[in-house]
Amino acid sequence: MTGDMSTGPADLPSLDNGGPIMSSFEMMPAWQFYFPIFLEIAQLALRHGLTTLTAANPSIYTGGLTGESKTAVLDLVTGPARDMIAPYIRLDRTIGAVLLEEVLAKMAQAGLRYPLVAKPDISCRGAGIRRLRCDDDLVAYWNMFPAGAAFMLQTLVPFEPEAGIFYVRNPDTDKPQIFSLTLKYTPAVVGDGSTTLRALIESDPRAAQAKEIYFAKPGLDLARIPAPGERVTIAFAGNHCRGSIFRDGHDYITPALTQTIDDIARTIPNYNFGRFDVRFESLEKLRQGEGFTIIEFNGVGSEAIHVWDNRYTLAQAREDLREQFRLAYAIGAKQRAKGARATSLAELIKAWWRERQLVRHYPVSE
296 MTGDMSTGPA
306 DLPSLDNGGP
316 IMSSFEMMPA
326 WQFYFPIFLE
336 IAQLALRHGL
346 TTLTAANPSI
356 YTGGLTGESK
366 TAVLDLVTGP
376 ARDMIAPYIR
386 LDRTIGAVLL
396 EEVLAKMAQA
406 GLRYPLVAKP
416 DISCRGAGIR
426 RLRCDDDLVA
436 YWNMFPAGAA
446 FMLQTLVPFE
456 PEAGIFYVRN
466 PDTDKPQIFS
476 LTLKYTPAVV
486 GDGSTTLRAL
496 IESDPRAAQA
506 KEIYFAKPGL
516 DLARIPAPGE
526 RVTIAFAGNH
536 CRGSIFRDGH
546 DYITPALTQT
556 IDDIARTIPN
566 YNFGRFDVRF
576 ESLEKLRQGE
586 GFTIIEFNGV
596 GSEAIHVWDN
606 RYTLAQARED
616 LREQFRLAYA
626 IGAKQRAKGA
636 RATSLAELIK
646 AWWRERQLVR
656 HYPVSE
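According to this note's numbering, the residues represented by the sequence shown are 296 to 661, in order.
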């Protein structure tokens, strides 16, 4: 069954929540889903100024809307909070073969050991993410990656469950809140000893509806017949458009978790709005604000991903995202009133165009 979490913590809620197999809009074309939200953004832009939302996080390039460096953002975290980030390094993909000894020396200095996660330093929606298990995987990723761009290597956190924790702080009241908490499930199928991986995906009620996403994943031997009871994960990148499964986790937001996230956020200069992506040991520890590791965090380009829960209606999802942008523009306007600079439209277009061109040349995500 897709999403079997038998290797995860015992307290993680079952994927079988009584809702439909998939929301009615999860596979809807992006332009169709987001069009009414773009209309809301247009109204907010007329009221506050087109790029005002970028002032919500003045210390992040474009406020984290587009084109920001993942490693530069992580570098902003200071003090003991840095220990809560999965170790990482940034590598510039120069022209020519990888100088493996130099890369291995940088890895050793940062305490990185296989398995690792490789991902572009500038990207969105889970583009270009691969797991690396050995030097050969590293060399292969280097060779696939576009010259002149940068990517990061990061420790693969041993906890499988992930969560997206959307943080908002009002600059006037200084009051923090977790606007959204989403549990991310790794999709998987379980072998029976006689059925190919392709057929297992095609026969799974949910996986079959996104089978083209899974069939395109690198490293999946679709002709292989998994052993009886063998759990085969069919996606790794924690993004719904890459095949991951999301469940709304609002019920698990606690004052303790809010305090921990706020403590981390306050080490980042003037950071008020964005999502922390974490891997966690158990849901109970996460509720206590403990036992989790930050993979990355984002700015105003983040999405409150609980809207991809199968129980959400299209109207609910769109309204929650409208509210997200209302908050972003309101915070950006308050920041501008205090002297923060919004990214110019010309710079924003330049950053978006560069990111778009880079994403086109990244390796296919795992």
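Hints listed in this document are in silico derivations from the structure and should not be mistaken for laboratory results.
Hints should not be assumed to be uniformly reliable.
Derived CB-CB ranges, DEER-like [stated by the list, open to error]: (1) 645 / 395: 52 to 62 Å; (2) 525 / 633: 51 to 61 Å; (3) 585 / 506: 19 to 29 Å; (4) 525 / 585: 28 to 38 Å; (5) 470 / 400: 17 to 27 Å; (6) 345 / 408: 44 to 54 Å; (7) 585 / 546: 34 to 44 Å; (8) 333 / 470: 25 to 35 Å.
Here are the simulated lysine-lysine pairs, DSS-like style, with alpha carbons at most 25 Å apart [what the hints assert, rightly or not]: (9) 470 / 645; (10) 470 / 401; (11) 633 / 512.
We put the CB at the ideal spot given by N, CA and C, even for glycine.
Structure-based check of each hint:
The given range of 52 to 62 Å is broken by residue 645 and residue 395, whose C-beta atoms sit roughly 34 Å from each other. Take residue 525 and residue 633: their Cβ atoms lie about 56 Å apart, and the range 51 to 61 Å holds. For the pair residue 585 and residue 506, the beta carbons lie near 38 Å from each other, so the given range of 19 to 29 Å is not met. Between residue 525 and residue 585 the C-beta distance comes to about 32 Å, which sits within the given range of 28 to 38 Å.
Distance hint check: the CB atoms of residue 470 and residue 400 are about 46 Å apart, inconsistent with the given range 17 to 27 Å. Separation of residue 345 from residue 408 is about 46 Å and conforms to the stated range, judged on CB atoms against 44 to 54 Å. Distance hint check: the CB atoms of residue 585 and residue 546 are about 18 Å apart, inconsistent with the given range 34 to 44 Å. Taking the beta carbon of each, residue 333 and residue 470 are about 29 Å apart, inside 25 to 35 Å as hinted.
Among the hinted pairs, residue 470 with residue 645 is inconsistent with the structure: their alpha-carbon atoms are about 34 Å apart, more than 25 Å. The suggested pairing of residue 470 with residue 401 is violated, with an alpha-carbon distance near 40 Å, which exceeds 25 Å. As the CA atoms of residue 633 and residue 512 are separated by approximately 47 Å, the hinted pair breaks the 25 Å bound.
In the structure shown, a violation is registered for the earlier hints numbered 1, 3, 5, 7, 9, 10 and 11, in ascending order.
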